[in-house]
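In order, the protein sequences belong to chains A and B.
Heads up: the first sequence begins at 1 in the UniProt record's numbering, then just goes up one per residue.
Heads up: the second sequence begins at 1 in the UniProt record's numbering, then just goes up one per residue.
It should be emphasised that the hints constitute simulated quantities derived from the structure, not laboratory data.
Each hint should be verified, as a subset may be incorrect.
Under the rule of at most 20 Å between Cα atoms (straight-line distance), these lysine to any residue pairs were calculated in the SDA-like manner [unchecked claim]:
#	chain 1	residue 1	chain 2	residue 2
1	A	LYS447	B	ALA14
2	A	LYS447	B	THR81
3	A	LYS3	B	LEU75
4	A	LYS447	B	GLN80
5	A	LYS447	B	GLY61
6	A	LYS447	B	GLY74
7	A	LYS347	B	GLY61
8	A	LYS447	B	LEU75
9	B	LYS88	B	GLU6
10	A	LYS447	A	GLY26
11	A	LYS3	A	THR37
To give a feel for the contact side, a few chain B residues facing chain A, derived at Cβ under 7 Å [to be verified]:
#	residue
12	PHE2
13	TRP43
14	ARG53
15	TYR57
What follows is a list of derived Cβ distance ranges for each label pair [as the list claims (entries may be wrong)]:
#	chain 1	residue 1	chain 2	residue 2	range
16	B	GLU6	A	GLY337	44 to 50 Å
17	A	PRO151	B	VAL49	44 to 50 Å
18	B	GLU71	A	ALA281	43 to 49 Å
Just so you know, even glycine gets a beta-carbon here, dropped at the ideal spot from N, CA and C.
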Amino acid sequence: MLKPDLLIVGAGPAGMSAAVVAARAGLSVMVVDEQPTPGGQIWRGIEANAGTARGRALGAPYLSGLATVRAFRESGAVYWPSTRVWQIEPTLRTYVTGPDGTLMIQPSAILIATGAQERPAPFRGWTLPGVMTVGAAQILLKAPGTVPAAPVWIAGCGPLALLYAHQLVRLGGAVAGFLDTRMPAPLAGAARLAAGAVLRSGRELAKGAYWYADLHRRAGRYVRGVVDLQALGTDRVEGVRYRTADGRVEEVETSLLLIHEGVVPELHTARSLGCQTRWHAGQAAYVPVLNEWGESSVPGILVAGDAAGIGGAEAAIQRGRLAALRILSRLGRLPAGQEGAEAACRKALARALAPRAFLDRIFMPRENVFLPDDDTIVCRCEELRVRDLRGALSCSVGANQLKAFTRAGMGPCQGRQCAYTVASLIANVEARPMGDVEPFRVRPPLKPVRLCDVASLAEEAAPP
Amino acid sequence: MFRLLEQGRSGEDAVTIDLDGQPVRARAGETVASVLMREAEAWCRATPVSQARRAPYCMMGVCFDCLMLVEGEGLLRACQTYVRDGMKIRRQIGARHVVPSC
Ligand SMILES: Cc1cc2nc3c(=O)[nH]c(=O)nc-3n(C[C@H](O)[C@@H](O)[C@H](O)COP(=O)(O)OP(=O)(O)OC[C@H]3O[C@@H](n4cnc5c(N)ncnc54)[C@H](O)[C@@H]3O)c2cc1C
Ligand code: FES
Numbered sequence: 001m002l003k004p005d006l007l008i009v010g011a012g013p014a015g016m017s018a019a020v021v022a023a024r025a026g027l028s029v030m031v032v033d034e035q036p037t038p039g040g041q042i043w044r045g046i047e048a049n050a051g052t053a054r055g056r057a058l059g060a061p062y063l064s065g066l067a068t069v070r071a072f073r074e075s076g077a078v079y080w081p082s083t084r085v086w087q088i089e090p091t092l093r094t095y096v097t098g099p100d101g102t103l104m105i106q107p108s109a110i111l112i113a114t115g116a117q118e119r120p121a122p123f124r125g126w127t128l129p130g131v132m133t134v135g136a137a138q139i140l141l142k143a144p145g146t147v148p149a150a151p152v153w154i155a156g157c158g159p160l161a162l163l164y165a166h167q168l169v170r171l172g173g174a175v176a177g178f179l180d181t182r183m184p185a186p187l188a189g190a191a192r193l194a195a196g197a198v199l200r201s202g203r204e205l206a207k208g209a210y211w212y213a214d215l216h217r218r219a220g221r222y223v224r225g226v227v228d229l230q231a232l233g234t235d236r237v238e239g240v241r242y243r244t245a246d247g248r249v250e251e252v253e254t255s256l257l258l259i260h261e262g263v264v265p266e267l268h269t270a271r272s273l274g275c276q277t278r279w280h281a282g283q284a285a286y287v288p289v290l291n292e293w294g295e296s297s298v299p300g301i302l303v304a305g306d307a308a309g310i311g312g313a314e315a316a317i318q319r320g321r322l323a324a325l326r327i328l329s330r331l332g333r334l335p336a337g338q339e340g341a342e343a344a345c346r347k348a349l350a351r352a353l354a355p356r357a358f359l360d361r362i363f364m365p366r367e368n369v370f371l372p373d374d375d376t377i378v379c380r381c382e383e384l385r386v387r388d389l390r391g392a393l394s395c396s397v398g399a400n401q402l403k404a405f406t407r408a409g410m411g412p413c414q415g416r417q418c419a420y421t422v423a424s425l426i427a428n429v430e431a432r433p434m435g436d437v438e439p440f441r442v443r444p445p446l447k448p449v450r451l452c453d454v455a456s457l458a459e460e461a462a463p464p
Numbered sequence: 001m002f003r004l005l006e007q008g009r010s011g012e013d014a015v016t017i018d019l020d021g022q023p024v025r026a027r028a029g030e031t032v033a034s035v036l037m038r039e040a041e042a043w044c045r046a047t048p049v050s051q052a053r054r055a056p057y058c059m060m061g062v063c064f065d066c067l068m069l070v071e072g073e074g075l076l077r078a079c080q081t082y083v084r085d086g087m088k089i090r091r092q093i094g095a096r097h098v099v100p101s102c
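In isolation and in its complexed conformation, chain A is listed as follows:
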């Protein structure tokens, strides 16, 4: 069995940055990532795209990833691409499956750097072919370089939707219309936050404002304050229906609708280990409970990057480095001369997080983002609608009982698409705050694994 000092799950900005610090200081580091190349979400496909027109169109923050990837490749950390972690035990024993089969790893510390996923935001018709997330479309843009064949409709809110629209147009795609679901109210209250944020990170915000202006100019239509979004069609999307801020119901024809309602931390890994989590109202998301180093409530398990709470790529880099420094000092391997490293990371982290409260506020998802109407599918896997859950909801059950009664959350996605909605429905019916509702427990395997892969472990464990 492999026994590295440090196992890192995820080769995005956080995981790679941690690996560089730890490996340079002499730790044996293993980095496992499901993707075939390093970069995580933001820098997906960076090695192939750098130096191409597509790379340039994706923008400077994208291209900046190449330096981190190179440093990571040269760091001495052992990198296992195309390999997924499907179980971590509280003893830190970890099971992974990749091109070389299934392996057990027993590291001294684990850094969970699994990033974020887009916030699941159910609405009528969201399971139809032709409805996909903005992040999905952006993944197709980064590799292999595909864009919607016709001018596309985008609905929702969040920086990623603006960024994608901008990148798409730069690459010769077109936006037919943007349906902004953002609640108009919080903007006013955000003025104070804005002032502080502009002072500390004016450039970042100017970029965002520029994306916005660009979108206004280039999108065929820009509709503000959209509610009651609905994808229409039977076997595939044929159109979109929505209500405008002034109450008019409009319909447009389209065979593709991209939806985005912000991102939330990947929590499955941490929660499967029993790491404590809490509701973060400002980000409308559950986040792991961590100390200032990223240490979770389970000894030896640290979390960094967007999996620790949404902070963006620069914050992910700094949190990754801090976690690595902590692991080094816990193992008594912090090299001399690293005293200044922590302070530098903390300073850069504070700078990276300066605009966050403002961004969280202006992109706060609509209030009912997790509270769809009775006819909407909540659990995509088991095809359960809100009304199918009503019966179980009325008799005061927790999420886990509801799962047993209705099968919501029991399908292959294991609640990744419905856990928030189910928790929110329970909170709503029982008039409790979200923070009081415990979401589904997470059980291994975290990712699908074949029986024969599990069986092959027995062979490895057996004496030769």
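Given the coordinates of chain A, assemble chain B with the ligands onto it according to the supplied hints.
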């Protein structure tokens, strides 16, 4: 639904996969789901519960709506499966049947 930005130079980085018996050209290194999104019939499965059609939704492995049959093996995420020349891909209709594959 989607189109490639740059057409590949002839053959060089191209592979051909078998999608429900039809040959489909693909780029080396792309995922099955990404190929599918350029097809006229851009759906990947019919659900076990109501036979409703589904298509890839998240492309990053967290929705499990892109499950397909790959080389006889069921319930594989097409967005996490990379194409190989001659790979046999089938839309998954209804529940999976157990196929001994290893
Ligand atoms: C679809 C999507 C697109 C985004 N695009 C952008 C963008 O263009 N610009 C931007 O500024 N921000 C973007 N973000 C926000 C993103 O979260 C960044 O802030 C940044 O990528 C976070 O870095 P990270 O290191 O925390 O995680 P990530 O970059 O997300 O890296 C996490 C890595 O962990 C791997 N992983 C997860 N679970 C497992 C497992 N069980 N086994 C093995 N590997 C695993 C994943 O494959 C991934 O490569 C995007 C987010 C999403 C969800
Ligand atoms: S498209 Fe969501 S898991 Fe593949």
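Structure-based check of all given hints:
This hinted pair does not check out: LYS447 (chain A) and ALA14 (chain B) have alpha carbons roughly 30 Å apart, beyond 20 Å. Taken as a hint, the LYS447 (chain A) and THR81 (chain B) pair is honoured in the structure, with Cα atoms around 14 Å apart against an allowance of 20 Å. Using a Cα cut-off of 20 Å, the hinted pair LYS3 (chain A) and LEU75 (chain B) is violated, with the two alpha carbons roughly 32 Å apart. Proposed proximity of LYS447 (chain A) and GLN80 (chain B) is supported: the alpha carbons are some 11 Å apart, at most 20 Å.
Of the pairs offered as hints, the one joining LYS447 (chain A) and GLY61 (chain B) holds, with about 9 Å between alpha carbons and a cut-off of 20 Å not exceeded. Among the hinted pairs, LYS447 (chain A) with GLY74 (chain B) is consistent with the structure: their alpha-carbon atoms are about 15 Å apart, no more than 20 Å. Restraint check for LYS347 (chain A) and GLY61 (chain B): the C-alpha separation of about 34 Å exceeds 20 Å, so the hint is violated. Taking the CA atoms of LYS447 (chain A) and LEU75 (chain B), the gap is near 12 Å; set against the 20 Å cutoff, the hint holds.
Taking the CA atoms of LYS88 (chain B) and GLU6 (chain B), the gap is about 25 Å. The hint is violated against a cut of 20 Å. Proposed proximity of LYS447 (chain A) and GLY26 (chain A) is contradicted: the alpha carbons are some 31 Å apart, above 20 Å. Proximity of LYS3 (chain A) to THR37 (chain A) is assessed by CA-CA distance (about 24 Å); at most 20 Å being required, the pair is judged violated. Interface restraint check: PHE2 (chain B) against chain A, minimum CB-CB distance 4 Å, threshold 7 Å, status holds.
Interface hint at TRP43 (chain B): satisfied, since its Cβ lies 4 Å from the closest Cβ of chain A, which is below the 7 Å cut-off. Given the 7 Å rule on beta carbons, the hint for ARG53 (chain B) holds: about 5 Å separates it from the nearest Cβ of chain A. Taking 7 Å as the C-beta contact cut-off toward chain A, the hint placing TYR57 (chain B) at the interface holds, the least distance being around 5 Å. Between GLU6 (chain B) and GLY337 (chain A) the C-beta distance comes to about 48 Å, which sits within the given range of 44 to 50 Å.
Range check, PRO151 (chain A) to VAL49 (chain B): about 34 Å between beta-carbon atoms, so the 44 to 50 Å window is missed. Taking the beta carbon of each, GLU71 (chain B) and ALA281 (chain A) are about 47 Å apart, inside 43 to 49 Å as hinted.
Comparing the model with each numbered hint stated earlier shows that hints 1, 3, 7, 9, 10, 11, 17 do not hold.
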